[in-house]
Amino acid sequence: MTPEPTATSAEPTSRWTGQAARLLALEALLLDSRRYEEWIELFTEDGLYWIPLDRGAADAGESLNIAFEGPARMRQRVARLRSGIAHAQEPPSSTVHAYSSIIVTEADDSSATVESALVVVETRFGGQTVVAARCRHRLVRDDAGAVRIAQKRVELADLEQAQPDLSFVP
Amino acid sequence: MTPTFDPARYVRPDAVHSDAYTDEEVFRLEMGRIFEAGWVYVGHETEVPEKGDYRTTFIGRQPVIFARGDDGTIRLLLNRCRHRGATVCQDLAGNSTFFRCHYHGWTYKNTGELAGVTLPDGYAACGFDVKSLALRAAPRCESYRGFVFGSLAPELEPLDEYLGPAAGYIDRFVDSASGAGVQVRRGVTHRYRFRANWKLQMENTVDGYHPGFTHRSFFDMMSDQTGKRANPYFKRGESPIRSKALRNGHAALDFGAGRSAEEFGDTFYERVRNAPGAEDIFAEFRRELGAEVAQKELNRLIATGLNVAIFPNLGLIQSQIRVIRPIAVDETEVALYPTEVVGADPRMNYLRRRAQEVFFGPAGMGGPDDVEMFRRCQVGMAAGAVGWTVLARGYDPSVEESDGSEGDFAAENAQRAQYRQWVRKMSADAGAGA
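Taken in order, these protein sequences are the chains called A and B.
Going left to right, the first sequence walks through residues 1 to 170 as this note's numbering numbers them.
Going left to right, the second sequence walks through residues 1 to 434 as this note's numbering numbers them.
Keep in mind that the hints are not guaranteed to be accurate.
[Said to hold, decoys possible] Chain A is faced by these chain B residues, among others (derived, beta-carbon under 7 angstroms):
id, residue
1, L92
2, V188
3, R191
4, R193
5, M221
6, G277
7, Y350
8, R353
9, G361
10, P368
11, E372
[Said to hold, decoys possible] For lysine to any residue, the following SDA-like pairs were computed, each having C-alpha atoms within a straight-line distance of at most 20 angstroms:
id, chain 1, residue 1, chain 2, residue 2
12, B, K228, A, S83
13, B, K131, B, T107
14, B, K235, A, I85
15, B, K425, B, E161
16, B, K228, A, Q76
17, B, K228, A, A72
The hints are simulated quantities; they were obtained by calculation from the structure and are not laboratory data.
Ideal Cβ placement from N, Cα and C applies to all residues, glycine included.
If we strip away everything but chain A, and leave its shape as in the complex, we get (with noise of 0.2 angstroms):
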């Protein structure tokens, strides 16, 4: 599931390992900064963000999800996350998203595979909640050389367990 970089991609991966750094540090500015928007932006319009319930499930449609949406329908949860009247972030949490061991496990000239530990730490009337992930990104590099998100997949440390709010995005 996490394959070694191998001998032949040693190059491109040298390559993505900065880019993909620096994009893992602009998302988690984003969305502590709540500047969901520009988040949405470093998706591709066809990207996914995944959060599943399965360990390990590859095919997100097949079973149930805590998230599994497109560029549309993030673009929805931002909005509605603004209106006021998302009660369960009225008053909005207080994030802080750590990424770290930021490794590219596979990558070629126009495409990567990056996982990383996630720690969200989320904080609202006092009460602190620790969130804890693996993630994978799968990056794309496009015509103009801007790196774009495809998807990015949220495997929570705790996802036997009953889950908190994580109505913020996590």
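Assemble chain B onto chain A, guided by the hints.
Quick look at chain B alone, frame taken from chain A:
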């Protein structure tokens, strides 16, 4: 707390005292008298279709293995080794011939029978038959249309009698999408937990008053998407919904038998259309069935036209099974199981899962707003000086309200029926409780 518990201190015909949601002693009695001495929903037969299949769960505070034995019979085995009390099954779900306690090696068959103890010669002189120490099973385990209920108390009316007229609503839930019934796929479950009392979720399951307010952001979202008003079914003067109290604390919001979802602005079709893959499936159905039939079929699949609450812990919400698990007076877990239509086109069941995801679950665009209201209620009810909450909508003090009452979409007669049952169960002087 006086030695004799008086439920009337907490419930009036049209009001509930906030102590019922905040007092730890009340919670302890609820677990004993309601959850561990009466019928509670445990699981659906289709979660354990094969011999050896099991899922671990709880009846009240007590850990239970919902298991189909090698004899094909479903049992509710208390998950506790008869030797020194350790759990014998650690997994959420699986398939096993045996349940083994790894503390001292005692092993049980999946029927509960004690298959063997380690070093048995040491028990030769102690004068009891080790073989009699099977896993204890809940004394009552009965099912209706695949819905399995259990009770830790043996003396209880048959399940059919307990369900009464609510059984007809289960029938509608099971039969609405097709003649072949519904099934639950093991592990396909949203679970969430919150810091509030379990009864808030119970009331909410049949609360037609709140959607227009709690969920307005979701309906606005649907209105923006469709250009049409999304929630006339929660509007005074337009709603077709009747709020029905049933016997034994069960209740239903009945959207009307056979009503089609197209009457409501917020349709299944529209709810799922932005999910990945949905538009492709719609296009296929339109090609195969024609546009009009396709849309009707898609909408019919989700809109059972029902929200049902079976006291104390089961909800049937459109096509979803909802199960409440109280943890503490101010902590609750809820599991949501999307049902699949048996034998249906897999694309239909794909869309039913998508319909649950958009609204429900820990990051859904509806459910978390309910949970936020439960949280606010629990915090607010710490203002114990205020005392009574109000459940009076549609209440007429000149008429004694009976089980079987009906009200408009936003009547609180459903909740009043739930609390009449709460008083009956909490009044039980049978020692099973406490």
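Verification of the supplied hints:
1. Because the beta carbon of L92 of chain B sits about 6 angstroms from the nearest beta carbon in chain A, less than 7 angstroms, this interface hint is met.
2. For V188 of chain B, the suggested interface contact is upheld, since its CB lies about 5 angstroms from the closest CB of chain A, less than 7 angstroms.
3. Taking 7 angstroms as the C-beta contact cut-off toward chain A, the hint placing R191 of chain B at the interface holds, the least distance being around 4 angstroms.
4. This hint holds: R193 of chain B has a C-beta 4 angstroms from the nearest C-beta of chain A, less than the 7 angstroms allowed.
5. The beta carbon of M221 of chain B is positioned within 7 angstroms of a beta carbon in chain A (closest approach about 5 angstroms), and the interface hint is therefore held.
6. The criterion of a C-beta within 7 angstroms of any C-beta in chain A is met by G277 of chain B, whose closest approach is roughly 6 angstroms, and the hint holds.
7. A cut of 7 angstroms between beta carbons decides the hint on Y350 of chain B: the least distance to chain A is about 5 angstroms, and the hint holds.
8. The restraint placing R353 of chain B at the interface with chain A holds, with a minimum CB-CB distance near 5 angstroms, inside the 7 angstroms limit.
9. The criterion of a C-beta within 7 angstroms of any C-beta in chain A is met by G361 of chain B, whose closest approach is roughly 6 angstroms, and the hint holds.
10. Annotation: P368 of chain B was flagged as interfacial toward chain A, and the flag holds, the nearest CB pair being 4 angstroms apart, inside 7 angstroms.
11. Given the 7 angstroms rule on beta carbons, the hint for E372 of chain B holds: about 4 angstroms separates it from the nearest Cβ of chain A.
12. Proposed proximity of K228 of chain B and S83 of chain A is supported: the alpha carbons are some 18 angstroms apart, at most 20 angstroms.
13. In summary, the hint linking K131 of chain B to T107 of chain B is supported, as the alpha carbons are separated by about 11 angstroms, within the 20 angstroms threshold.
14. Of the pairs offered as hints, the one joining K235 of chain B and I85 of chain A holds, with about 18 angstroms between alpha carbons and a cut-off of 20 angstroms not exceeded.
15. Proximity of K425 of chain B to E161 of chain B is assessed by CA-CA distance (about 16 angstroms); at most 20 angstroms being required, the pair is judged to hold.
16. A distance of roughly 16 angstroms separates the Cα atoms of K228 of chain B and Q76 of chain A; the hinted pair therefore holds under the 20 angstroms criterion.
17. As the CA atoms of K228 of chain B and A72 of chain A are separated by approximately 19 angstroms, the hinted pair is consistent with the 20 angstroms bound.
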